[in-house]
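Protein chains in written order, with our numbering: chain H, 1 to 693; chain S, 694 to 834; chain R, 835 to 978.
If you're looking for bench data, these hints aren't it; they were derived computationally from the structure.
A virtual CB, placed ideally from N, CA and C, is assigned to each residue, including glycine.
Certain hints may be false.
Derived coverage of chain R by chain H (criterion: at least 3 residues anywhere in the stretch with Cβ under 8 angstroms from a Cβ of chain H; other residues may be distant) [stated by the list, open to error]: (1) 864–874; (2) 896–904; (3) 941–952; (4) 969–976.
A few chain S residues that face chain H, going by a derived Cβ cut-off under 7 angstroms, partial list only [as the list claims (entries may be wrong)]: (5) T773; (6) E777; (7) T818; (8) G819.
Derived lysine-lysine pairs resembling DSS-like cross-links, with alpha carbons at most 27 angstroms apart [stated by the list, open to error]: (9) H/K442 / H/K334; (10) R/K910 / H/K593; (11) H/K262 / H/K214; (12) H/K631 / R/K879; (13) H/K287 / H/K593; (14) R/K879 / H/K287.
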Amino acid sequence: EDPATLIANTLRIESESRLVADGAVEIYYQGRRLTAHRLVYDRAADTLTIDGPITLTDGGDTVILASQAELKADLTEGILRSARVVMSQQMQMAAAEVRRIDGRYTDMSRVVASSCKICAGDPTPLWEIRAQRVVHDQQERQIYFDRASLRFGGVPVLFLPRLRIPDPSLKRANGFLMPSLQSSTTLGTGLSLPYFVTLGDSRDLTVTPFLATKGARTLELRYRQAFRTGEIELTAVGSRDALKPGQTRGLLSADGRFELPKGFELTFHGETVSDRAYLLDYGRSDKDRLTSRLEITRTRANEHISGRFLSIQSLREDEPSDSLASLFGDMTLKRRFSLGPLGGQGGLTFQTHSHTRSSDDPFDTADDADLIADGRDVLRGRIRADWRRDWIAGNGLVFGVLGEVTTDLYHIGEDATYGGTYSRTHGALAAELRWPLVKAGKAGVNHVLEPVVQLVWAPSGTEALPNEDSVLVEFDQGNLFALNRFPGSDAVERGARANIGVNYLRQDPDGWSLGLTFGRVLRADDPGQFTTGSGLAGRSSDWLAAFQIGTAAGLGLTNRFLLDDAFALTKAETLLSYDRPRFGLEAGLLFHKADPAEGRLIDTNEIVLDGRFAIGQAGWQARLMNRYDLKADRASNAGLGLSFRNECLSVDLSLSRRFTSSTSVKPTTDFSVSLELLGFGGAAPGPSRQCRG
Amino acid sequence: QGTEVSFGGLKADTGLPVEVTAESLSVNQADGTAIFAGEVLVKQGEMRLQAGEVKVEYDATGKAIDRLHATGGVLMVNATDAAEAAEAVYTIASGEVVMMGGVLMTQGATAIKGDTLHINLKTGTGRMEGGVTTTFMPGGN
Amino acid sequence: CGFTPAYGPNGPAGGLQGHIRLAGPTDKNSFDFVTAVQARFGRTKDPRYALAYTITTEAVGVGYATDTSITRYNLKGSIDWSLTDLASEARVAGGTAENFTSWSATSATVAGLSAEEDAAERLMVILADQIALQILAASARFAP
Numbered sequence: 001e002d003p004a005t006l007i008a009n010t011l012r013i014e015s016e017s018r019l020v021a022d023g024a025v026e027i028y029y030q031g032r033r034l035t036a037h038r039l040v041y042d043r044a045a046d047t048l049t050i051d052g053p054i055t056l057t058d059g060g061d062t063v064i065l066a067s068q069a070e071l072k073a074d075l076t077e078g079i080l081r082s083a084r085v086v087m088s089q090q091m092q093m094a095a096a097e098v099r100r101i102d103g104r105y106t107d108m109s110r111v112v113a114s115s116c117k118i119c120a121g122d123p124t125p126l127w128e129i130r131a132q133r134v135v136h137d138q139q140e141r142q143i144y145f146d147r148a149s150l151r152f153g154g155v156p157v158l159f160l161p162r163l164r165i166p167d168p169s170l171k172r173a174n175g176f177l178m179p180s181l182q183s184s185t186t187l188g189t190g191l192s193l194p195y196f197v198t199l200g201d202s203r204d205l206t207v208t209p210f211l212a213t214k215g216a217r218t219l220e221l222r223y224r225q226a227f228r229t230g231e232i233e234l235t236a237v238g239s240r241d242a243l244k245p246g247q248t249r250g251l252l253s254a255d256g257r258f259e260l261p262k263g264f265e266l267t268f269h270g271e272t273v274s275d276r277a278y279l280l281d282y283g284r285s286d287k288d289r290l291t292s293r294l295e296i297t298r299t300r301a302n303e304h305i306s307g308r309f310l311s312i313q314s315l316r317e318d319e320p321s322d323s324l325a326s327l328f329g330d331m332t333l334k335r336r337f338s339l340g341p342l343g344g345q346g347g348l349t350f351q352t353h354s355h356t357r358s359s360d361d362p363f364d365t366a367d368d369a370d371l372i373a374d375g376r377d378v379l380r381g382r383i384r385a386d387w388r389r390d391w392i393a394g395n396g397l398v399f400g401v402l403g404e405v406t407t408d409l410y411h412i413g414e415d416a417t418y419g420g421t422y423s424r425t426h427g428a429l430a431a432e433l434r435w436p437l438v439k440a441g442k443a444g445v446n447h448v449l450e451p452v453v454q455l456v457w458a459p460s461g462t463e464a465l466p467n468e469d470s471v472l473v474e475f476d477q478g479n480l481f482a483l484n485r486f487p488g489s490d491a492v493e494r495g496a497r498a499n500i501g502v503n504y505l506r507q508d509p510d511g512w513s514l515g516l517t518f519g520r521v522l523r524a525d526d527p528g529q530f531t532t533g534s535g536l537a538g539r540s541s542d543w544l545a546a547f548q549i550g551t552a553a554g555l556g557l558t559n560r561f562l563l564d565d566a567f568a569l570t571k572a573e574t575l576l577s578y579d580r581p582r583f584g585l586e587a588g589l590l591f592h593k594a595d596p597a598e599g600r601l602i603d604t605n606e607i608v609l610d611g612r613f614a615i616g617q618a619g620w621q622a623r624l625m626n627r628y629d630l631k632a633d634r635a636s637n638a639g640l641g642l643s644f645r646n647e648c649l650s651v652d653l654s655l656s657r658r659f660t661s662s663t664s665v666k667p668t669t670d671f672s673v674s675l676e677l678l679g680f681g682g683a684a685p686g687p688s689r690q691c692r693g
Numbered sequence: 694q695g696t697e698v699s700f701g702g703l704k705a706d707t708g709l710p711v712e713v714t715a716e717s718l719s720v721n722q723a724d725g726t727a728i729f730a731g732e733v734l735v736k737q738g739e740m741r742l743q744a745g746e747v748k749v750e751y752d753a754t755g756k757a758i759d760r761l762h763a764t765g766g767v768l769m770v771n772a773t774d775a776a777e778a779a780e781a782v783y784t785i786a787s788g789e790v791v792m793m794g795g796v797l798m799t800q801g802a803t804a805i806k807g808d809t810l811h812i813n814l815k816t817g818t819g820r821m822e823g824g825v826t827t828t829f830m831p832g833g834n
Numbered sequence: 835c836g837f838t839p840a841y842g843p844n845g846p847a848g849g850l851q852g853h854i855r856l857a858g859p860t861d862k863n864s865f866d867f868v869t870a871v872q873a874r875f876g877r878t879k880d881p882r883y884a885l886a887y888t889i890t891t892e893a894v895g896v897g898y899a900t901d902t903s904i905t906r907y908n909l910k911g912s913i914d915w916s917l918t919d920l921a922s923e924a925r926v927a928g929g930t931a932e933n934f935t936s937w938s939a940t941s942a943t944v945a946g947l948s949a950e951e952d953a954a955e956r957l958m959v960i961l962a963d964q965i966a967l968q969i970l971a972a973s974a975r976f977a978p
């Protein structure tokens, strides 16, 4: 039995066994702490009679405030009067009487429970649960309500004879999670009510039924398990609806991550869907291709190793699954090093790649839009070596020599025109001149101006290999000075050329900065490798112009343009984000000229706006979202949201409509309402209400 | 189970004669006081008071002791209770003992610390003041 | 016009070449980022500065076609970085570099996959160059 400690301003020993402590009284006993104004300790009866204001904390997250109390000396038993129980600084329960029972139960009568802040002038909280009796079991960390009624703004809304809620400190407990109401023009109005089941310390299962008026019935199961070296999450969703009567639709997905010996890591993500329209019909995601992957990888200084399998399920109308490359296997080893006496920095890459199509028709049919034999399977190996070294001249000029060599071995099967084995060795050698200039301007402004010229020599000649993985070529500051701008291996950039560019940066002490980059590629002669849509076609490429503005106040504007010789736009991309406490805007602009070789038959011209702004001071926020297809002169999708969040309530209303459609998917409007009482250990509370006056 | 710890131990019969022994004694006729020094021991019935030095103040008649003023580290023992402090003043007539300076009072298993302790030997009551700290055994009875 | 060569005789950035140590990469993106930064400041012989970085990327679908297919993706990247002088352990430069690259998804899956990976590699080069310029801009204030 360890002793209890009592501290006070004065201690009167009044009689046989009566001790009276007065002024700033504190008692500590086995982690429990009580503070009070006055306390009488009756040694014979071993009880404490305490006058408030009393606070009793029991080491956990629960604090009991009371005006008067009689407790056993060890603070485990007894009655506290006109008490308030505060849990995790959120949930508060005011009770006429609180009874403490053997240090575990807090039994309260005539209780008002709420996590809303109560202002003096306006005593009714936003929501409250009134109950005849409430028992808080601190060991099980559950709160049991008897004859409870939920009231909003004082108006009774729901009566529950018995209600059990986990106390805020409990992170995992069996029970219902907050329901949400969704309605969509395709599925009707429905309610989803998730139920969470803990299966021991390291596993849990969430069962979410969803019922909707137009006959849609869905059951979602999500299973999670944590292991010593990793974790997995499996989701299975089954649905029956009027859209495809008599058919069971749904999706399966699996995610996992495991640490393997020697620093390797295994990650996998699997995803498959019953039919093309499911994800859009149920508003789960607007993905049009599902990539499943299993990868073992390790990355350390100077080394990257990756082995992976990928399979892609396309949900697009014009991509039948058999003639689409769907199964991929890659092995990659990358090493970086310095070449001993030669110095500089070199890299070696060993890579194998294979992709197969389930069809074995060696000819291209009209099944799909590509010009590739329906059954073509490809297996290739690549060795790539690169090296660069820089010297700095007296006047600060950075002179660099760099080069890369690739040797590829291909075997193409089930392709009448290109079947067979190929090998190709290609390389590029370049000299680079870079002259970074700095200027520390007045009033702390910094400037950097960096002209760069790169002269590249590479063998010309034509490609014998069919180009399948290097069709989609981009031109930006990331590959302005790359020796081979093709993304894949099937094509390599040929011929002599000069890459010219200039970078400029201005940094202002007030926190805003401006970055500019201009560049162009000038070729000795036109190898005819690039399409007009990439901006790299012809003897001289389009002008590349990129600028970026950032301010300390939260504005970020990033632009990139490709302009042809007549300064007409080949491509323009802009991202704007402006983030302020009370409002924010994310905007995007995209223009990309049509390029049939890249599969883009018409111009892409789209603008996206996503704005949020706070309304009033109480915690309301509105959100507007619109994605507008300027080419088709019509919105692709639009959305409107209204949300409220304060310290005890979170409400989300959202209305969104997708205008795009295909043979299997109709345009859909979705509406959803979700309401969550904060303070039960669920979502974190928002900014608390301000009391006026 | 534990002994019946009562505060009765503070009670003492203040009417009994007071006996004082010490290594040396010096008397000051002018203000009627006497100073005992060196291993001073004051006995009254069961109550004992030890101190480094005790100044005794006699009443107007010069026969009866009016007040004892003990300094230099005082220890007072009375049946089951004991109290230690830097200084103590015992007014015989009222039975009031005031101990000051880092007072530590022990009663069986309970210890009480504080700045000043007022004990009324007649009523057996005591009051500790100033940053009082005590430990007690819940469920001791 | 007030500009001096950064690596020139009285330029501020002479002490950076070959003296910046980078935190070890943990995934493909950070591997490519380290490669791109070392292309600008050289591999580390005797480190005097340490560059710490946190990379986050997010792919966002854009260019929604009328038939619900997504024709293009933006890969948005952001790197929080800080450069510390190893001798004084003081942070001499830092900030957040943000930019994006993009790739088309209009062609078949094989082309889309390599375009996606190339976009990630280009994004790391762009962000590394941006940070390199910001280090050069700040070097006038901290380099000895």
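Verification of the hints:
Taking a C-beta to C-beta cut-off of 8 angstroms, the segment 864–874 of chain R contributes 6 residues in contact with chain H, enough for the three needed, and the coverage statement holds. Three residues within the 8 angstroms Cβ limit are the bar, and the segment 896–904 of chain R against chain H gives 9, so the coverage statement holds. Counting residues of the segment 941–952 of chain R whose CB falls under 8 angstroms from any CB of chain H gives 11; the rule of at least 3 is met. With 6 residues bearing a CB less than 8 angstroms from a CB of chain H, the segment 969–976 of chain R meets the requirement of three and the coverage assertion stands.
The criterion of a C-beta within 7 angstroms of any C-beta in chain H is not met by S/T773, whose closest approach is roughly 13 angstroms, and the hint is violated. Evaluation of the S/E777 hint against chain H yields a violated restraint, the C-beta minimum of about 16 angstroms exceeding 7 angstroms. For S/T818, the interface hint holds, since its Cβ comes within 7 angstroms of a Cβ in chain H; the closest pair sits about 5 angstroms apart. Proximity of S/G819 to chain H holds as hinted, the smallest CB-CB distance being about 4 angstroms (cut-off 7 angstroms).
A C-alpha spacing of about 46 angstroms is found between H/K442 and H/K334, which places the hinted pair above 27 angstroms, so the restraint is violated. A threshold of 27 angstroms between alpha carbons decides the hint, and for R/K910 with H/K593 the separation of about 22 angstroms falls inside it, so the pair holds. With a CA separation close to 54 angstroms, the supplied pair H/K262 and H/K214 exceeds the 27 angstroms bound. Taking the CA atoms of H/K631 and R/K879, the gap is near 54 angstroms; set against the 27 angstroms cutoff, the hint is violated.
Distance restraint check for H/K287 and H/K593: the Cα-Cα separation of roughly 23 angstroms lies within the 27 angstroms cut-off, and the hinted pair is therefore satisfied. For the hint linking R/K879 to H/K287, the alpha-carbon distance of about 47 angstroms lies beyond 27 angstroms, and the restraint is violated.
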